[in-house]
Amino acid sequence: MNQAHRRSQQPATLPVTELLQRHREAVQRSQAEIARDAWLDESYVSRLISGERTNPSRDALILLSAFGLRLPVPDVEEILLAADYKGLVLPQSLR
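The opening residue of the sequence shown carries number 1 in the numbering used here; numbering runs sequentially from there.
Honestly, the hints are just simulated from the structure, not real lab data.
Certain hints may be false.
[Stated by the list, open to error] Computed beta-carbon distance windows for the label pairs:
no. : residue 1 : residue 2 : range
1   : Ser-30    : Gln-92    : 35 to 43 Å
2   : Ser-50    : Arg-70    : 34 to 42 Å
3   : Arg-36    : Gln-92    : 20 to 28 Å
4   : Gln-92    : Gln-31    : 34 to 42 Å
5   : Leu-14    : Asp-37    : 18 to 26 Å
6   : Pro-15    : Leu-88    : 17 to 25 Å
7   : Gln-92    : Glu-52    : 36 to 44 Å
8   : Glu-52    : Asp-84    : 16 to 24 Å
9   : Glu-33    : Gln-92    : 31 to 39 Å
10  : Ser-46    : Asp-84    : 35 to 43 Å
11  : Gln-92    : Ala-32    : 14 to 22 Å
12  : Arg-53    : Leu-81    : 25 to 33 Å
13  : Ser-50    : Gln-92    : 31 to 39 Å
All values reported here derive from a predicted model rather than from experimental measurement.
We put the CB at the ideal spot given by N, CA and C, even for glycine.
Please construct the entire structure, taking both the sequences and the accompanying hints into account.
Okay, structure coming up:
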């Protein structure tokens with residue numbers, strides 16, 4: 001089963017915190033490394049991933065997921081959509 005197929009089987013309504021926790025576990029990087037690569041404060045990243053901090057900005061989520069967690073665009077979009085933000089890529093119908 002390929003990664004795109006597995007992703008399509010996951011519920012679309014996962015909370016952003018749960019998505020961040022899953023991706024953080026999958027990449028096996030420390031929070032310090034993630035924060036450094038995302039140009040974010042380590043305590044802020046910790047609060048985002050643990051769910052203590054709610055309503056992160058779209059920019060913070062992009063930095064965290066794309067640079068800190070090094071996720072591909074579809075996963076970054078999944079995180080943005082879970083936080084009720086627009087994704088990075090326009091749908092084909094708008095191109």
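> Range hint 34 to 42 Å: satisfied by the CB atoms of Ser-50 and Arg-70?
Replying inline: violated, 20 Å
>> I want to verify a distance hint. Is the separation of the beta carbons of Ser-30 and Gln-92 within 35 to 43 Å?
In response: holds, 38 Å
> Per the hint of 18 to 26 Å, is the separation of the Cβ atoms of Leu-14 and Asp-37 within bounds?
Replying inline: holds, 23 Å
> Do Ser-46 and Asp-84 keep their Cβ atoms within the hinted range of 35 to 43 Å?
Replying inline: With a Cβ separation near 22 Å, Ser-46 and Asp-84 fall outside 35 to 43 Å, so the hint is violated.
>> If I claimed the Cβ atoms of Glu-52 and Asp-84 lie 16 to 24 Å apart, would that claim hold in this structure?
In response: holds, 19 Å
> Measuring from beta carbon to beta carbon, are Arg-53 and Leu-81 in 25 to 33 Å?
Replying inline: violated, 19 Å
> Cβ-Cβ distance between Glu-33 and Gln-92: within 31 to 39 Å?
Replying inline: The hinted range 31 to 39 Å holds for Glu-33 and Gln-92, with Cβ atoms some 35 Å apart.
> Is 17 to 25 Å right for how far apart the beta carbons of Pro-15 and Leu-88 are?
Replying inline: holds, 20 Å
> Does the Cβ pair Ser-50, Gln-92 satisfy 31 to 39 Å?
Replying inline: The hinted range 31 to 39 Å holds for Ser-50 and Gln-92, with Cβ atoms some 36 Å apart.
> Does the Cβ-Cβ separation between Gln-92 and Ala-32 fall within 14 to 22 Å?
Replying inline: violated, 39 Å
> Does the hinted range 34 to 42 Å hold for Gln-92 and Gln-31 at CB?
Replying inline: holds, 36 Å
> Quick one: are Gln-92 and Glu-52 within 36 to 44 Å, going by C-beta?
Replying inline: holds, 38 Å
This entry does not satisfy hints 2, 3, 10, 11 and 12, going by the numbered hints stated previously.
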